[in-house]
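Novice: Chain by chain, the residues:
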Amino acid sequence: MTVSSIEPSPNPTVPASTTVRPPRRLRHLSLADVIVTPAVLLAVLAALMVYLNSRELDDIEQRSINWPTISRLLVEHIQLVAVSSLLVIAIAVPTGVLLTRPALRHASGPILALANLGQAVPSIGVLVLLAVTVGTGFRMAIIALVLVAFLSVLRNTIVGLMGVDRALIDAARGMGLTKTRVLFLVELPLSVPVMLAGIRVALILNVGNAALASYTNAGGLGTLIQAGIALNRMPVLITGCVLAAVLALTLDWLAGVVERVVRPRGL
Amino acid sequence: MSDTVTGEPPRTMIRLDRVSKAYPGLDAAAVADLSLEVYAGEIVVLLGPSGCGKTTTMRMINRLIEPTSGRVYVDGEDVTDVDADHLRRRIGYVIQQVGLLPHLTVGANIGLVPRTLGWPRSRIDQRVTELLELLGLDPDAYRQRYPKQLSGGEQQRVGVARALAADPPVMLMDEPFGALDPIIRDRLQDEFLQLQEKIRKTVVFVTHDIEEAIKLGDRIAVFRKGGQIAQFDTPARLLAQPADDFVASFIGSGGSVRLLGLQRVSELPLEPVATVDAATARSTGLDAEPAEHSVVVDAGRPLYWQRGGADRPMAVVRSTQTVFEALDTMLAAHDETALVLDEDGRIRGCLRAGTVMRHAHPDEVGRTASAVGPGGPGEWR
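So the protein sequences, as listed, match chains A and D.
The numbering of the first sequence is the working numbering, which starts it at 257 and goes up by one.
The numbering of the second sequence is the working numbering, which starts it at -2 and goes up by one.
Okay, chain D solo, but in the shape it has when bound:
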């Protein structure tokens, strides 16, 4: 992420070195001779069909599954043989079933690891308040509730808060949003990306959902059966250049169109727009020949394209939206030009469909494209 942008060498946070897991009685290894590096602060998604060894690989990082051979390094330290319980307290763990203890309150659930680490009570209380606020749950309302009293989405928020309790540098997430309905899942994904902007954890995220992987991953490791990595790349390069037929078929069709979802409007060259005040436009009427892109504004607010008049529908997008969303808006307006506004609603220029055709190319999709800052997709829903 920022590491590659600034040109600094990325710091490796998790390293799997030729790790294998074989179960007695089974011929094929669950994971075979797998090496993987995860840099500090990035989200690496382990993606693949069920039974491909992605969860096994993740669970070998916190040693819920002991590797048969190979070494596991976390933050430079060989953790293959250290005390597993102590290791796990330094690694956040979120699972699909959430796993909140039903007989403990939300506060007690979040405070479990800090309590295990022997934090004083006041510090635990303070941390629980902090985390509930961070996850968008009112501490006064939620602290004393029992998990049963929460919705599925709220439960998983508490699950994430619990994993963050002791501020671990690394988080392992095993299909954390898999059991939620699509709307809630989408919202939690957005929130998670916004959260990640703030906390910058090193995240290993397991999913079988390619869309989730593309949305969340800074890099995606596609697994094939037998616990081998078929391709380990950024979402953009995965969509543009699948390594082989397996990856291509797993990604599905429409890779080029889906790439547009990774590119921001602000990354494309925009064309200048002239503005005409509404009063001036009325006085001059339609006699004057309007400029190529000239928009009639009232107190800085765009009203309509001067050419075509008020009847012509206007496609308006924000520069932080994706090119995919911009094209969608243009299609809906039956217009090949979209007016682009910046975050404060000021006119920044206009985007033409032809520009998209010429410039939407995988090489132009930076690794930062998938990172969602303030003003990411969540804000425009």
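Next up, chain A with everything else stripped away, as it sits in the complex:
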């Protein structure tokens, strides 16, 4: 708590009701935040279009670079990312909550160490290992993506919850709030910024790693990259890479917007 800050509060004479504020949930957003990244991404896509139009595409290239194929691969890729990210959040956040409860708190240290170790394992290794042991396809790719991204969300959830000021929890418990209410009213809202940062990292990891999933027959934009390499077709390779990168940056931008909107006020 900011007990030490005793400087006078700003505008003590101005009643709060008369100050003009932007709509409640958009206050954290500035115009630049919202516009700059999409504009850059659109420019990159336009450049890609110009590049592709400037070339005569041969038969092989045309088989890969056409709207139905690209949109199908894009949808597959987004599916991989969405499903794996949601699963990561659904598993890692509750696990993080459990590991910060008094009964299990002693386990969180070793698990965090494991989390750091887990991040160091190359994701391609996990994918191939799973493909060999479990099998190929969409579901297997999801399992691999969850495994790789899980630890970053778990780690940030634990760090976020542990970082909540103990005095706040003490005050809330001392007022007679139940442990569950303290969790949902105090601990989770206050660790949202740290947790969201972890989720954002997981999202980007998933976009990148989903591009590798095509090696295990799970589809996605990796298919273009793979084809470009295998057939030695530069436009196909570039199209796959640029689209994957644009998707990653778009999701990162979206996550950034969400982060600012759901961050509790008053922090």
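Since the hints were derived computationally from the structure, they do not count as laboratory data.
Predicted model only: the values in this text are computed from it and were never measured.
For glycine and all other residues, C-beta sits at the position ideal for the given N, C-alpha and C.
Derived DMTMM-like pairs: lysine to aspartate or glutamate, alpha-carbon spacing no greater than 25 Å straight-line:
#1 A:Lys435 to D:Asp80
#2 D:Lys145 to A:Asp426
#3 D:Lys145 to D:Glu130
#4 A:Lys435 to D:Glu63
#5 D:Lys222 to D:Glu63
#6 A:Lys435 to D:Asp164
#7 D:Lys145 to D:Glu188
#8 D:Lys145 to D:Asp183
#9 D:Lys195 to D:Asp137
#10 D:Lys195 to D:Glu209
#11 D:Lys195 to D:Asp183
#12 A:Lys435 to D:Asp82
#13 D:Lys195 to D:Asp339
#14 D:Lys195 to D:Glu264
#15 D:Lys222 to D:Asp24
#16 D:Lys145 to D:Asp122
#17 D:Lys145 to D:Asp178
#18 D:Lys195 to D:Glu340
#19 D:Lys195 to D:Asp164
#20 A:Lys435 to D:Asp75
#21 D:Lys145 to A:Glu443
#22 D:Lys222 to D:Glu209
#23 A:Lys435 to D:Asp78
#24 D:Lys145 to A:Asp421
#25 D:Lys145 to A:Glu515
Simulated DEER-style distance windows between Cβ atoms:
#26 A:Val517 to D:His83: 35 to 45 Å
#27 A:Leu510 to D:Gly115: 36 to 46 Å
#28 A:Gly512 to D:Gly73: 54 to 64 Å
Covered by chain D, per the in silico footprint, the following chain A stretches (three or more residues, Cβ under 8 Å):
#29 412 to 426
#30 429 to 435
#31 441 to 448
Given the structure of chain A, go ahead and fit chain D onto it with the hints provided.
Specialist: Relative to chain A, chain D alone:
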């Protein structure tokens, strides 16, 4: 307080019955076999060096720390085994770090316990307005603010308001003013005493600051290491008759002088003062032999002592001020007589230094001496 003055038996609000707290792995108990009674409407200060078990003792009352053995009674009810969350909703809790939830507005913070108790929204809003006014914060200006936008002193006022939200009979306060700078701390202490005059809560107040304890406490429990009470007494008796060397050293020197801070001028016998109108004084001049204590007044306002004339500095005190402040004023004026006025500024008599020497005695310091009503120290700052 008033209970003992009127002779009625005081009602016990909190009773600790041979309570102990031992932590596994530690030889010495944090609190050992401690019994304590707190009467309804009084402020009991738990005072002691850090690690003496005073906070542990306080936290066992609302069971944030579960006692290892012994019983805890609140308002006659054995609460040692009742649901702790429900118990805590009946006990206000204020801590040094304040602990306002930073993502909730001041209004929402104060309304937390009422919301938990399921009060209707309109009643919560009304209560928040009431409490902000009680704590001297403009409800319109503060209700929608976030804790970050408040100064340290304002935050702790909101902390106290939040503890009072559901009108609990008992308040536990753990060094609530400890993190504030001395000026703000002093002001909040004064305000708290004035507030207590109105709300008459049973307060258990933890501090390591002996001056704060003497100022606020109706009774003070001095803790020694190992969670034992060395002395449990009124501030006056603590200063006058420390039970042992530990208490004496903890209180420090100058106990007799500090006792004067607990005694009001009105509690001492005053000597009569004659008044002479300014016009009469001028016409008679200095020929007439003035009476022993005779003051020249103009329209009821004291101007100067007739003996000594306008050049003699005049020490003036209010009857509600402490004897300490009266002596201070007399020293500053180099005069052994101070003119005493009542609250409306009328002359009540005069106080002589000799009277202080003869009558300032612990037996004459009543338990009400530390209670500050309207016209307490805060008013004369």
